[in-house]
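S.K.: If you're matching them up, the sequences are chains U and H in order.
Just so you know, we're using numbering that gives the first Met the number 0 here: the first sequence kicks off at 0 and counts up by one.
Just so you know, we're using numbering that gives the first Met the number 0 here: the second sequence kicks off at 0 and counts up by one.
Hints listed in this document are in silico derivations from the structure and should not be mistaken for laboratory results.
It is possible that part of the hints are untrue.
Intra- or inter-copy, both count: the list cannot distinguish identical chains.
As the list claims (entries may be wrong) - Simulated pairs of lysine to any residue, SDA-like, Cα-Cα distance not exceeding 25 Å: (1) K21 - V75; (2) K202 - D141; (3) K202 - D161; (4) K109 - Q181; (5) K209 - E127.
There are 2 protein chains.
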Amino acid sequence: MSKGILVILSGFSGSGKGTLMKRLLEKYDNYALSVSATTRSPRPGERDGVDYFYKTEEEFSRMIEEDAFLEYARYVNHSYGTPAAYVDEQLARGKDVILEIEIQGALKVKAKRPDTVLIFVTPPSAEELERRLTGRGTETPDVIRQRMARAVEESESMEHYDYILVNDTVEECVDELHRLIQAQHLQAVHQREFIREIRGELKEREEHRK
Amino acid sequence: MSKGILVILSGFSGSGKGTLMKRLLEKYDNYALSVSATTRSPRPGERDGVDYFYKTEEEFSRMIEEDAFLEYARYVNHSYGTPAAYVDEQLARGKDVILEIEIQGALKVKAKRPDTVLIFVTPPSAEELERRLTGRGTETPDVIRQRMARAVEESESMEHYDYILVNDTVEECVDELHRLIQAQHLQAVHQREFIREIRGELKEREEHRK
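Here chain U stands alone, though its shape is the one from the complex (with noise of 0.2 Å):
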């Protein structure tokens, strides 16, 4: 069994990466979620260790301190990490872990492991992104005018992801989604072991042979 992938979702408030993903874990096998540290208390329902792991303030810190986080952000009230220890018992057990962060965390996180694959989600026009912000009829107009402001800004990060994933059509989009993400493992950074084991199998026939 070879090591999974780790693919970092990003993508405007309203490109569907969130319906995305639960189509993807739903649809295929072999995926993960990341589950992200935070010092906020957990609401009704949520569980500890599969919505988030709840940490202390002190907690937090500590894991900070001894590099825990594959990256992590402090706000004025609370704090929230991705745990670098959950994500490799998944990637050891051959699962792709599939991680929904910001810009931000998502560039920390490719400086600090360079095998990880950036997929920025999007929808195929700025005209769309506005109709399905507005669509979801849950969004005061000043909200849907900050998230548009915000795509602005993001729009400005995307040549540094790995690839752009247009989201038209959800079913669609998330087999091209899983077949992007198989792909990957074509790699070579991802085919090592596969390497190693060929040329030593070709190098000891070769000496056989003398």
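Place chain H on chain U using the hints.
M.R.: Below, chain H alone, put in the same frame as chain U:
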């Protein structure tokens, strides 16, 4: 229509990459083979511009001076090269261009065109490689020995390739090759036009709001 992608296939003699390319072009649209230039004479049935571009020594030398090759190699009797113009024409028409060349040439093209995708084709094991070379029934034991010795050398360069494609059964492998190449179209480096467009649209909407 977006630009095509330049793909280089290399691999051990006996890896089946010739059959793979043939099946890829039969089974899927949108691929074009690169046509090489050579100073050797056409053999019966070969056509200029289809099998090769036939060049005189002088023409070939002038093409080198004019930097008209993506890569070339001069041997004692003849020279072979990949004319950039033909490849670029196909790419501009939206075709994915497949180039079957050896490792040295592949690395030269990658240096010149970093967005080239290098794929190394290999049988699942050294044993299987030898079985295939022997199974052809056309090679002398001496030639098979040479090919196996060559494979040892070539295996040293596998890490320089982007992808390692294990050719176990041809039909499965050709589908995997197709999916792998199509996934490359999602690379941010091949989505520059889309990124520019959506960024422009987002900014325009932002301006209108102010």
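S.K.: Does each hint hold? Answer for all of them.
M.R.: These are the hints, each one checked on the structure:
In the homo-oligomer, the alpha carbons of K21 and V75 never lie at most 25 Å apart, since the shortest distance is 30 Å inside one protomer and 61 Å across protomers. Taking the closest pair of Cα atoms, K202 and D141 come within 25 Å of each other only across two copies (17 Å); inside a single copy the shortest separation is 67 Å, beyond that limit. In this assembly of identical chains, the alpha carbons of K202 and D161 lie at most 25 Å apart only when taken from different copies (23 Å versus 36 Å within one copy). For a Cα distance limit of 25 Å, the shortest separation of K109 from Q181 qualifies both inside one copy, at 19 Å, and across copies, at 24 Å.
When the C-alpha separation of K209 and E127 is checked against a cutoff of 25 Å, the pair qualifies only between copies, where the shortest distance is 20 Å, while the shortest distance within a copy is 67 Å.
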